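2 protein chains.
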Amino acid sequence: METTQGHTGHMMMTEDVGHPSISTRARTMQDSPIRKLSATAEARKKQGVTVYHLNIGQPDLPTAPIVFETIRELELTTLAYAPSNGLPQAVTAWRNYLRQMGIEIEEKELIVTSGGSEAIIFAMCAVCDSGDDIIVFEPFYTNYNGFASVANVRLNPVPLTIENGFHLPSTEEIVKHITSRTKAILICSPANPTGTIYSKEEMQRLADIARRHNLFLLSDEVYREFAYDAPVHSVMSFPEISDRAVLLDSSSKRFNVCGARIGALASHNKEIVQSAFRFAMARLSVASIEQLALIPLLNSPRTYTQPIVEEFRRRRDTVYEGLKEIPGMRFYRPEGAFYIMIGLPVRDSERFSRWLIEEYQHNNETVLIAPGQGFYASPGQGVSEARLAFMLKSENLKRSLGILRHALEVYKQFS
Amino acid sequence: METTQGHTGHMMMTEDVGHPSISTRARTMQDSPIRKLSATAEARKKQGVTVYHLNIGQPDLPTAPIVFETIRELELTTLAYAPSNGLPQAVTAWRNYLRQMGIEIEEKELIVTSGGSEAIIFAMCAVCDSGDDIIVFEPFYTNYNGFASVANVRLNPVPLTIENGFHLPSTEEIVKHITSRTKAILICSPANPTGTIYSKEEMQRLADIARRHNLFLLSDEVYREFAYDAPVHSVMSFPEISDRAVLLDSSSKRFNVCGARIGALASHNKEIVQSAFRFAMARLSVASIEQLALIPLLNSPRTYTQPIVEEFRRRRDTVYEGLKEIPGMRFYRPEGAFYIMIGLPVRDSERFSRWLIEEYQHNNETVLIAPGQGFYASPGQGVSEARLAFMLKSENLKRSLGILRHALEVYKQFS
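Chains as they are written, first to last, in my numbering: chain A, 1 to 415; chain B, 1001 to 1415.
There could be a bad hint or two in this list.
Unchecked claim - Listed below are several chain A residues computed to face chain B (Cβ distance under 7 Å; list not exhaustive):
1. 24
2. 78
3. 114
4. 150
5. 257
6. 277
7. 281
8. 282
9. 290
10. 315
Stated by the list, open to error - Dumping the calculated DSSO-like pairs for lysine-lysine here, alpha-carbon to alpha-carbon at most 30 Å:
11. B:1108 <-> A:108
12. B:1270 <-> A:270
13. A:36 <-> B:1108
14. A:36 <-> B:1036
15. A:46 <-> B:1270
16. A:45 <-> A:412
17. B:1393 <-> B:1045
As the list claims (entries may be wrong) - Taking beta-carbon pairs under 7 Å as the criterion, some of the chain B residues facing chain A (in silico):
18. 1032
19. 1082
20. 1114
21. 1260
22. 1277
23. 1278
24. 1302
25. 1303
26. 1305
Calculated directly from the structure, the hints in this document are not laboratory data. For clarity, every value in this text was computed on a predicted model and none was experimentally measured. Cβ coordinates follow ideal geometry from the N, Cα and C atoms, glycine included.
Using the sequences and the hints, build the whole thing.
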């Protein structure tokens, strides 16, 4: 850099010394594997091709009308800052919701956040300094990469395999990934992108590892209600790690209110909550109207989640049965959520996905899937996998899998 | 850390190896200087003492009714994710708003954010890697500390002085703070906490420094309309730094919609916008209802800002006149925003502020002010200063300053 010592006052004539360059973290942040083919899909639709979206996690069901009724009946005169930890009524509603899920949290142990996204960023910042790492099981929710990039935390991936339905490997295998800078394990059960639900034994092993290695256990439980074959065990149901457990939650999926951006962070560890509160104070508050709009849902959750969950159970069954019909497909029965990672009989699922959306059509229809690689941090992992989201009615899901089957037959001839 | 190599399977009996500890950044994050005495104030009120709040920046005026009318008339059936860069209507409304302010931005050059807060975090992450620094002029908006902590950026403070109304020092003085890791200058004009508006000459000097030293110029312009004696010069009105200028904005203050949390980031630098978009994709979207609710305000801004700005101009005048009546007070005429940093005739304004709220009363009344130190990053700076916010009607502001004058007379006898 040019030295300017001795130069004072207003410089009338200056020249740029170079081009301004963005940060490495911004430059290296990957594009969303879920959305990256969306633009191409839109172009294809303009050509008259029907595209079935199996790539996105935006539920296609309507939101409960009570949300909009609540909004219409709000009697506000000023849209003032809410308290940084949440409007008192909203905090109470979250406690009521969690209590009905068997999770006892005091109101002072919870911070309302801007979606589950912010809860995860706050948790990462609360437990990690720059360069510390957090164990994640891959494939994992791809946006964890973005949060880690903002928080300057390294994700430390432990691979799972499709062969055992993406359940945990041995304790020995997990433990060998722990470094001197590992501060936490971040889990998601029921999982995005796999639909896997960790058993009680698996959760117990994670709790034991957290204690033995002095780690926090950060648990993303936004799909809690979407459990079809197995119960969900919250991180909060292991009292021996009450000082290590951090619950990360969001109302988006279970109530189909993704656009509201209302989540929560809860912990019995006072320091964690206080840390999250400080980060929350810096961003002042979460949107007031949406906090208020969701209160009826949080107070009577099952009324609103049950129909949604039943619909997704049907879809899960449809997908599972449909996949059986596709030769060479590797898959399993996802126990929860509304995703599955499938193993395709192709070498490179990203190429295949692009071909599907750029070139292929059958009776003027094609499907859009999310290539698997983007859900992994380890290079070369997931190259033949893809995530399917169950965001279409069963009938259309069935049709989509028929298209996928046909497409694989055609594709085989090329490769 | 205890080695567990060779240990496998479910550990039935484990012991904690230590207490889980939060991160250094969470531990060292300061409490909000604006809110830290609030709990004490609440306790004092319960004892029957009237407390005039001169500490907070929450406008006391009602929000324009059209916001609530818009919400009541929304015809939504699903509260779906908005696009990560903002709902198309909201993006258009922001462009319309900026155009009316003389700032030409294309829609693809703007990202709607969750308040100005998120715009600042995105900008910090887009230009800085961990450990890079950003020049700020102190005193500065205290929440910059929180954003820097989340983004792992070091704030590199250049001191301003009350003697010249917190205007910029010489270019030489600014430039000598630049390090090899300085990536940007972050400014706020009209400024929180000083009310200072940088002149065209000052803005030109900053633009020149940015070019000469290959820096970005991040400009927090959320108080744009609150300009009483001098015009505001947007960072976007210096075409020679169009690739270095990043506009950070928020609707909170100008429209008195703090609880909506709707801000924006805009730049002609494609890479910056693309970076912000990637960070935006990770958090998915901004609350949809509040994006829609503010569209009428953004489309006809002056209708709604003018009465608010006029009221604050009156208050600024009241405060300025009132301060003249207080012996030993150091102050200046703030050109904009709705704050002033005052120099109190006391050794330690934090002690004085605490005494005001814990012990002092006159006719059962006292005032709450924000001690100055929290607005500085350099140790020992601002110790006799305090920030006043003009969030009371002129009559009550006048009364508050009378109380402050009396309190200082009483306090003098103690110290």
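Against the structure, the hints:
A hinted interface residue such as residue 24 of chain A counts as satisfied when its beta carbon comes closer than 7 Å to some beta carbon of chain B; here the least separation is about 5 Å, so the hint holds. Look at residue 78 of chain A: its Cβ gets to within about 5 Å of chain B, closer than 7 Å, so that hint holds up. Look at residue 114 of chain A: its Cβ gets to within about 5 Å of chain B, closer than 7 Å, so that hint holds up. At about 5 Å, the closest approach between the beta carbon of residue 150 of chain A and any beta carbon in chain B falls short of 7 Å, and the interface hint on this residue holds.
Taking 7 Å as the C-beta cut-off, the interface hint given for residue 257 of chain A holds, the closest approach to chain B being about 4 Å. A cut of 7 Å between beta carbons decides the hint on residue 277 of chain A: the least distance to chain B is about 10 Å, and the hint is violated. Interface hint at residue 281 of chain A: satisfied, since its Cβ lies 5 Å from the closest Cβ of chain B, which is below the 7 Å cut-off. At a threshold of 7 Å, the smallest CB-CB gap from residue 282 of chain A to chain B is about 2 Å, leaving the interface hint in force.
Restraint check, residue 290 of chain A versus chain B: the minimum CB separation of about 5 Å is within 7 Å; hint holds. A least Cβ separation of about 17 Å between residue 315 of chain A and chain B goes past the 7 Å threshold, and the interface hint is therefore violated. Annotation: proposed proximity of residue 1108 of chain B to residue 108 of chain A is violated, straight-line Cα distance about 41 Å (limit 30 Å). At roughly 42 Å between alpha-carbon atoms, residue 1270 of chain B and residue 270 of chain A are farther apart than 30 Å, so this suggested pair is violated.
Proposed proximity of residue 36 of chain A and residue 1108 of chain B is supported: the alpha carbons are some 17 Å apart, at most 30 Å. Between the alpha carbons of residue 36 of chain A and residue 1036 of chain B the distance comes to roughly 45 Å, so the proposed pair goes past 30 Å and is violated. This hinted pair checks out: residue 46 of chain A and residue 1270 of chain B have alpha carbons roughly 27 Å apart, not beyond 30 Å. The straight-line distance between the Cα atoms of residue 45 of chain A and residue 412 of chain A is roughly 25 Å, inside the 30 Å bound, and the hint therefore holds.
In summary, the hint linking residue 1393 of chain B to residue 1045 of chain B is supported, as the alpha carbons are separated by about 20 Å, within the 30 Å threshold. Satisfaction of the interface hint for residue 1032 of chain B is found here, the shortest Cβ-Cβ separation to chain A being roughly 5 Å, below the 7 Å cut-off. Against a cut-off of 7 Å between C-beta atoms, the interface hint on residue 1082 of chain B holds, since the closest Cβ of chain A lies about 6 Å away. Below 7 Å, beta-carbon pairs count as interface contacts, and residue 1114 of chain B has one with chain A at about 5 Å; its hint therefore holds.
Taking 7 Å as the C-beta contact cut-off toward chain A, the hint placing residue 1260 of chain B at the interface holds, the least distance being around 5 Å. Restraint check, residue 1277 of chain B versus chain A: the minimum CB separation of about 10 Å is more than 7 Å; hint violated. At about 5 Å, the closest approach between the beta carbon of residue 1278 of chain B and any beta carbon in chain A falls short of 7 Å, and the interface hint on this residue holds. Taken as an interface hint, residue 1302 of chain B does not check out: its beta carbon lies about 19 Å from the nearest beta carbon of chain A, beyond 7 Å.
Given hint, residue 1303 of chain B at the interface with chain A, is violated; its Cβ is 17 Å from that chain's nearest Cβ, farther than 7 Å. At a threshold of 7 Å, the smallest CB-CB gap from residue 1305 of chain B to chain A is about 15 Å, leaving the interface hint violated.
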